[in-house]
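Number of protein chains: 2
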Amino acid sequence: MSKLSIQYIKIASVFILGAVIYFSPVPQGLDPRAWHLFAIFISTIFAVIINALPILVASISALTIAIFTKTLVPIDAYSGFSQGFILLILIAFLVAKGVVKSGLGTRFAYLMIKTFGKSTLGLSYSIMITDCLIAPAFPSNTARSGVLFPIVQSLAIDSGSTTDSEESKKKMGSFLMMCAMASLTISSGLWLTAMAANPSGVAMAKELGVNITFGSWLLYASVPSLTAFILIPLILYKTFPPTVKNTPQAPVAAAKKLKEMGPLSKDEWVMGITFFMLVLGWGFSGILHIDKTAIAFCGLAVLMISKVFTLEDLKHEGSALGTFIWFAILYTLSTYLNRYGFMSYIGEHIRHSLIGLSWPVIYVSLITIYVLIHYLFVSQTAQMLALFGVFLGVGINAGVPGILMAMMLLFATNFNAMVTPQGSSANVLFAGSGYLSTGDIYKQGAIVTLSNLLIYLVVGSFWILLVS
Amino acid sequence: MSKLSIQYIKIASVFILGAVIYFSPVPQGLDPRAWHLFAIFISTIFAVIINALPILVASISALTIAIFTKTLVPIDAYSGFSQGFILLILIAFLVAKGVVKSGLGTRFAYLMIKTFGKSTLGLSYSIMITDCLIAPAFPSNTARSGVLFPIVQSLAIDSGSTTDSEESKKKMGSFLMMCAMASLTISSGLWLTAMAANPSGVAMAKELGVNITFGSWLLYASVPSLTAFILIPLILYKTFPPTVKNTPQAPVAAAKKLKEMGPLSKDEWVMGITFFMLVLGWGFSGILHIDKTAIAFCGLAVLMISKVFTLEDLKHEGSALGTFIWFAILYTLSTYLNRYGFMSYIGEHIRHSLIGLSWPVIYVSLITIYVLIHYLFVSQTAQMLALFGVFLGVGINAGVPGILMAMMLLFATNFNAMVTPQGSSANVLFAGSGYLSTGDIYKQGAIVTLSNLLIYLVVGSFWILLVS
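Chain order of the listed sequences is A and B. Position one of the first sequence corresponds to residue 1 (my numbering), numbered consecutively onward. Position one of the second sequence corresponds to residue 1 (my numbering), numbered consecutively onward.
Quick caveat, the hints were computed from the structure, so don't treat them as lab data. Be careful, since some hints might not be right.
Claimed, not checked - Derived lysine to aspartate or glutamate pairs resembling DMTMM-like cross-links, with alpha carbons at most 25 Å apart:
(1) Lys170(A) - Glu207(B)
(2) Lys257(B) - Asp267(B)
(3) Lys170(B) - Asp313(A)
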């Protein structure tokens with residue numbers, strides 16, 4: 001059979017799946033719109049997983065169908081496009097180009113290669129260390145991804161791994177991008193202040209009698225997070241290996257290149273100061289009550305006024321537009337799946353089906369289901385707001401120690417991010433980098449998430465029970 | 001003085017203008033936010049007019065300042081990005097690329113050249129005829145611009161006028177783009193159903209005792225519109241001449257090229273059917289209650305599934321992203337200028353200052369002010385909703401014949417579109433085409449608008465008084 005006809009069969013199977021669910025009887029007690037939207041959403045995800053359609057095309061089709069079937073009214077359907085954090089990703093994409101183009105990314109990459117560059121694995125750890133160290137000051141993992149992404153991109157490019165060919169990507173760029181994405185799942189769970197949803201979770205836990213502080217969070221997180229920190233790059237190194245592994249000459253070459261670069265150019269100065277201000281601004285935006293997206297727009301304005309990033313550069317950034325469109329659409333579909341009551345309906349069902357089981361079984365089941373259900377979510381915070389309370393309540397009522405149940409759900413809120421490209425806004429820059437196919441992300445994301453699940457369930461559970 | 005330092009002086013002067021207005025005492029009775037937003041908005045327009053900053057950079061800077069000064073809260077400031085008609089422009093941009101890329105645009109262009117192509121002026125009239133003929137079925141001039149744009153773009157490209165150099169643009173592409181934009185100002189005023197705001201205006205006029213029907217509208221519009229239709233291309237031909245004027249061999253060459261093209265390719269078929277469905281869908285969207293933007297998304301999905309427009313093509317469409325960003329921002333700023341009460345405040349002042357003058361003076365003043373004030377508006381509909389009632393009321397009370405005042409304000413709502421690139425969503429595709437600088441649009445737009453103003457005031461007023 002020709003490649004083309006396989007493609008059309010795949011597309012047809014997506015439409016059949018969608019139609020079968022759509023026209024099945026609506027489960028009792030569920031809003032019909034919720035059921036129809038579920039049919040559209042799940043077939044979109046299916047289309048992407050089986051590679052029937054690229055994520056952008058699948059998303060646009062889903063949006064169209066949702067509007068034509070009156071599952072969503074247009075004004076709701078387009079609401080994702082004006083979400084601040086989605087615009088933040090779009091602008092961070094363009095700022096990242098400025099980092100690379102100005103030469104500052106290259107310089108920073110050479111510095112990192114000079115220090116950690118004997119091996120690709122060494123570089124991956126250096127990315128993770130950077131991430132974990134800046135994380136407590138970054139309550140937005142989206143913004144933090146905006147800081148890490150240009151560094152990883154420059155590291156890849158300056159190690160000779162570009163997006164020009166499959167072979168070149170695989171040298172080390174793909175591996176480093178995947179590690180950075182995995183890193184964010186760990187760094188966000190390490191500190192109470194490393195992700196926007198964490199403090200909300202702590203507040204919700206308090207209402208159910210579970211007290212968590214900045215210090216106790218760090219204590220509970222320390223051992224499982226450290227374990228994940230050490231193991232995850234090693235696992236990806238096996239399952240998604242870079243073709244260039246050892247680069248014993250790289251540090252010397254990088255040092256030489258650094259010398260050749262000479263002092264900072266004007267563009268690098270502008271970029272450096274802008275980037276530093278962005279990091280500061282994003283870090284302190286919570287305290288200073290400044291909108292993070294406006295900070296990003298401001299940074300872009302500075303780069304464009306000073307011509308570090310030009311209109312000519314923008315012309316080639318059509319893929320940023322593509323990423324913006326699919327992420328806004330998937331976010332909206334998932335948001336309305338929740339608003340229409342689909343998520344709480346599922347939560348209620350899970351509660352019923354677990355009655356009468358022993359607490360360790362209930363505990364493991366709840367955490368596993370909580371992680372798997374993230375396939376339906378396009379925002380970690382949305383899942384937490386929708387399901388954290390239900391799951392925590394069910395667990396505590398069944399006899400699971402409150403602190404164990406709460407912390408593990410909070411960790412899961414962070415480490416479940418990688419199940420899909422759209423699983424977290426922090427993934428999106430990496431998913432759009434050109435180094436990773438959506439297939440790669442689904443596969444390696446599943447492996448990383450499963451590994452994290454095991455690490456946190458085994459190491460984390462024992463550690464929390466030991467110190468609590 | 002160097003070019004660079006002149007640029008920085010220009011930018012500084014923009015900031016000084018903005019700051020002076022911003023920190024001036026707020027006029028009595030005006031919301032301080034309205035005054036501050038006015039300061040930001042007017043300096044943005046000023047920055048673009050004096051060429052201190054490109055329209056995108058000026059817009060991003062304005063957005064940032066509006067948020068940082070708390071003139072706009074972030075959620076309001078980003079609201080333009082999810083406006084359906086703004087997304088429609090974005091998607092129409094991408095669909096237009098499909099028309100060009102598939103080869104269908106080329107074929108259509110050759111057909112037009114074969115028939116009208118002996119002179120560039122002939123081509124400009126053929127664009128206008130097409131526009132005026134399809135206009136009554138297109139209550140959205142935005143959607144109509146989405147139909148005209150790819151045709152004009154193909155006409156330009158296939159006549160050898162590309163955006164590669166200034167010289168090549170000027171051959172005929174720039175002229176034809178400008179004519180198409182001017183055409184929309186005329187076609188929209190010719191029919192009651194040719195622009196979304198027209199029927200609302202008719203309804204509002206009725207409340208003040210002025211009755212307008214589809215037929216009477218056409219009668220009143222016929223003579224001034226025909227005059228404008230004939231004169232405007234001739235005027236642009238003088239003020240903004242194409243460098244290639246006579247192309248006596250073009251029809252023969254086009255006929256030959258058409259023969260060489262042979263029968264329609266698969267891509268052309270897909271594109272042709274999609275485009276035809278888009279035209280039908282947009283035309284009947286009002287009757288069928290289908291969202292125009294969803295129709296556009298659907299068309300794009302079809303083009304992407306059938307690979308007429310690919311992800312690879314999208315990569316080079318960064319300028320569509322730029323256009324989307326600036327238009328969404330300027331639209332939002334203008335919308336809130338109105339919501340904060342700035343426009344009604346101005347309307348009230350105008351009313352006061354005209355008391356006691358004779359009706360012809362009041363009539364001409366009101367129409368002229370109504371046109372000039374469009375420099376502050378980014379939506380024709382918004383201006384009509386904000387000011388049509390006030391202006392019409394003032395005119396009628398001062399003794400201006402109701403039908404004259406109403407029709408002329410409605411014509412002005414349409415022909416004032418070209419004062420700025422953002423003056424109408426129908427301009428935006430042409431403004432982003434690469435053939436026109438914002439400077440060109442400000443200058444030629446002023447000439448076209450002034451010409452239209454004179455034509456409609458002189459020819460239109462006498463005609464309406466004659467037949468009413």
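Please write out, lowest number first, the hints stated earlier that are contradicted by the structure. 1
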